[in-house]
Amino acid sequence: MSKKLVVNIIGWIFGLVWLVPFMGVFMTAIRPMDELLNGWWDFSSFHPSFNNFYQAWNHPTAPLSRGIPNSLIVATSATVLPLVIATMAGYYLARYRFPLKKLVYIVVVITLALPLQMVAIPLYEMLLKMNLLDSYIGLILLHTAWGTPWITFFMRNFFTTLPPQIEEAARIDGASDFKIFFKIAFPLSLPAIGSAAALQFTWVWSSFFLELITIYTPERFLATQRIPLMRGVYHVDWGVLSAAAIMVMMVPILVYLLLQKYYIRGMIGWSMK
Amino acid sequence: MKKLAFVALLLVAVLSFSKLVVIGPWAGAEQEKFMPVLKAFEEKYGIEVEYKVYRGSDLLKTLPAQFKAKRAMADVIFMWGWFIQDQAKKGNVVDLTGLIDENDFIPGALDAVKVNGKIYGIVYTGKVKPGFWYRKSFFKKHGLQVPRTWYEFKALLEEIKKIPGLKAPIASGDGVGWPLSDVTEHFLITFGGPWVDRDLIEGNLKWESNTVRYAMGKLVELLKAGYFGEPTEWTMALKQWWNGEYALYFMGSWITGMVDDPEDLGVFALPGAKGVVFAADYAFIPKYSKHIEEAKKLIKFLATEGQVIQVKQGGHIATYKKVSLSDYPVVDREVAKILQGMEAMPDLDDTVGGVFQKTFWDQLKLLWVNPDRLDEVLEVLDEKMPK
Amino acid sequence: MRRSKLSHFLFFMLPALILIGTFVVYPSLRTILLSFFDEDGHLTLKNYVKVLSSRDTINKEGIARGEFPLGTLLHNAIWIALHLPLTIIMGLILAVILRKTWGGNLLKTFVFFGMVMPMIVGGVMINFMFDANVGVVNAFLRLFGLQVKTWTAHPETALFSLILGSVWLWTGFSMTLYSAGLETIPKDFYEAAAIDGAGPFVQFFKITVPLLKPITVVVATMTLLWDLKIFDIVYVATQGGPGGASNVLAIQMYNYAFIEFDYGKAAVVAVLLTVFTMIAAIPLIRSVGEEK
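Residue numbers (the numbering used here), protein chains in the order written: chain U, 1 to 273; chain A, 1001 to 1387; chain Z, 2001 to 2292.
No lab work stands behind these hints, which were simulated from the structure alone.
In this text the structure is predicted, and so the values were computed from the model without any measurement.
Check each hint, because a few of them may be wrong.
Claimed, not checked - In silico DSS-like links for lysine-lysine, alpha-carbon gap of 27 Å or less: (1) Z/K2050 <-> A/K1384; (2) Z/K2046 <-> A/K1162; (3) U/K4 <-> Z/K2050; (4) Z/K2046 <-> A/K1384; (5) Z/K2005 <-> U/K102; (6) Z/K2100 <-> U/K261; (7) Z/K2060 <-> Z/K2050; (8) A/K1127 <-> A/K1300; (9) Z/K2187 <-> U/K4; (10) A/K1387 <-> Z/K2060; (11) A/K1384 <-> Z/K2060; (12) Z/K2005 <-> U/K183; (13) A/K1206 <-> Z/K2050; (14) U/K261 <-> Z/K2060; (15) A/K1070 <-> U/K129.
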């Protein structure tokens, strides 16, 4: 019995290391700055309000009221597009023989390890020439290209676990290969697509480096780009910053909480190729 | 058919002619203070103007590439002086010599946009970094006096240090790094003379020179004695200073708009300072603008009449001499007066810009917490100065 | 497995290949080329010499005096040397202990939040935790009467506070993988060991640790890659400062490319970084190579 208590105590001590900072950010976000000068744990006066959230939403230089919709547009497009493209490619790799397959695998794995810095300069110049710099189309294309490799691999792994018998039966019935993909394989792969979508969406949402080098117009800034601006040159207010941090992290956290099962499955599938 | 095409062409020409595009760094509340200026121009000349917000650091990434392609995203662009000079040397900027009279502006104000005696940009209003701010009530309560010599200043700091409950005599505003660079520049100008600032900018003086080392030594002396507090996010530091946790705070003139009771504010420069940093905004016309003549009208308006309107909105100090003290809101008059007795210096790191500015800010953060490492800091600064 | 017709290849594969070719493979090769040429288009090793002899990369004086900055190369190495073992150990401990803790799943969710949130926000959280006035770390130290300071503002502690913060952010990853791994270990193993008289510690080291080894390899590889690519956290928390004391390769590359506009030097840093990530990815590449 006492052993169990010890385990519980240790568990909660560790747990508090994670809980307390989140609590701190929350407390900071709901209190006015004057109450924070001696730390958020000082409750000698306590006036909670949503004022900081309101201010972060309507921030004069970096309003989240623009950033969050922007990020939603980009993250949604950059999730749907690579999913379609990569599901097809993954299916193909799982079902068809073709020369140079191994090379494709290796390129895919190398891409997983490649830092974005390796492509930053040429991509910047390329987008500039294509007139796609400072545009969402360019950014979505980049995210699509960088999401495609891992999703392809992820979907290939899924399709190899799917027994081919159903598809063979359909083929005997005279269905074309394309029809088989859309009518049979695609619907069967929806759970895997869900996992990949949950991950890809949160990653695009959280992405910062690509945005930093491609998007310049303040109105077009994504949510993540607005965070450094809020602690930027002209005004730093821990309360507003914390409120903004909570709003920006809320979206991926909600995705995670709602799709927990898919998310974890995707996480494990992504890393354990 | 031909007629139709002609009409269409004419229509396109007229439509594309109707709007000037201005790019400036002001967003939010600052933008609201700028819009009346543009509105006055529109009313006076009947030329429509569109305003777009771009920060300098973002323009830095897009403009050079666009100029290379002989395109321009706006007709009048507010940007750092060093950038305008740099682009002028590359032939991407319209020569404005003769458009405005240099004598109408405070001395030295146009230096940052001159190349070989020609003027490539206009100077707009700006912000002054006059010195150490204090609360009159705080000084009164503790019986403190504004110092007249360096020794009095040190004695004052020592006296303040003895006040119980204080974090440190001087608050160190941090953030990106400019509040520290403002203080440093004030020391350089005071102990090296106003010319040090210009010589450093032009690369005629090394950071490792004795002059700079002497001036920086004065700052290091105070840092070592613990008179400066730990770098703290500058708005946080402002609150703490106002609440009496620090006695002095070095800040620009915009501080008047950030405190509850501006009447209680007092300010003094380091004893012996003969110059004060005046960070003005500059604007230029890119050579690839399609409406250069209209843009010239606008840029001239901004430099002259525009300043009067801008100053009335508060928080800005004019560079145009014909703006009179009565044009300012009351709180800004004090600051405008300080400027009258001193030489206006360009902001050092804003003028040099680029990688140097970033390094300067970063190295000062190091110096503030480790004043012993002055030699190393100066060495790195020399290394990162543009060659 | 079926033979492929050209039409199949074109339909299923081509879009993916075009995208990867245009936005991943081609620019990577171009960066390699960039690193070997000077502004006038001559083949040269000058960029490499410049970067490797720069105090940004390896700061000999700093190393000699044992003072930060030591240079980005060493900072990244220190990051790995601390972050990798801490992540593995913390993840494993949390996975094992929280399984038996009341409310463990709730706590696990919070630990995992660290890696679900954008790393830009993560950087702000680190700033916040280590701040002298509002930081919880300092509040804790104050309880013991210790001197407080803003940890990220001092050269001797800036890098370490970022690393500790990144452990806090990333442990959720290893914990989750280990948690999933623990579910796959049959209970009988432990029961059999208990009958043989093995205590919980012996069980942990003789059963849990060896059986989770494949997961450890994955965690280690992914963590290594993450450490090497670290950018957002540093960018928002310290910008690599003070005085470059917490600078890392990814930030150095960004500064060279987009602030100094020296593409040659930036390309060299990118290539170096890529070489390291490729070495880290060897187990990954090998596992794919072995597949049929």
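Hint-by-hint comparison with the structure:
no., hint, in the structure
1, Z/K2050 <-> A/K1384, "holds, 14 Å"
2, Z/K2046 <-> A/K1162, "violated, 57 Å"
3, U/K4 <-> Z/K2050, "violated, 59 Å"
4, Z/K2046 <-> A/K1384, "holds, 18 Å"
5, Z/K2005 <-> U/K102, "holds, 18 Å"
6, Z/K2100 <-> U/K261, "holds, 21 Å"
7, Z/K2060 <-> Z/K2050, "holds, 15 Å"
8, A/K1127 <-> A/K1300, "holds, 20 Å"
9, Z/K2187 <-> U/K4, "holds, 18 Å"
10, A/K1387 <-> Z/K2060, "holds, 23 Å"
11, A/K1384 <-> Z/K2060, "holds, 18 Å"
12, Z/K2005 <-> U/K183, "holds, 20 Å"
13, A/K1206 <-> Z/K2050, "holds, 22 Å"
14, U/K261 <-> Z/K2060, "violated, 50 Å"
15, A/K1070 <-> U/K129, "holds, 13 Å"
Against the hints set out earlier in the document, violations occur for numbers 2, 3 and 14.
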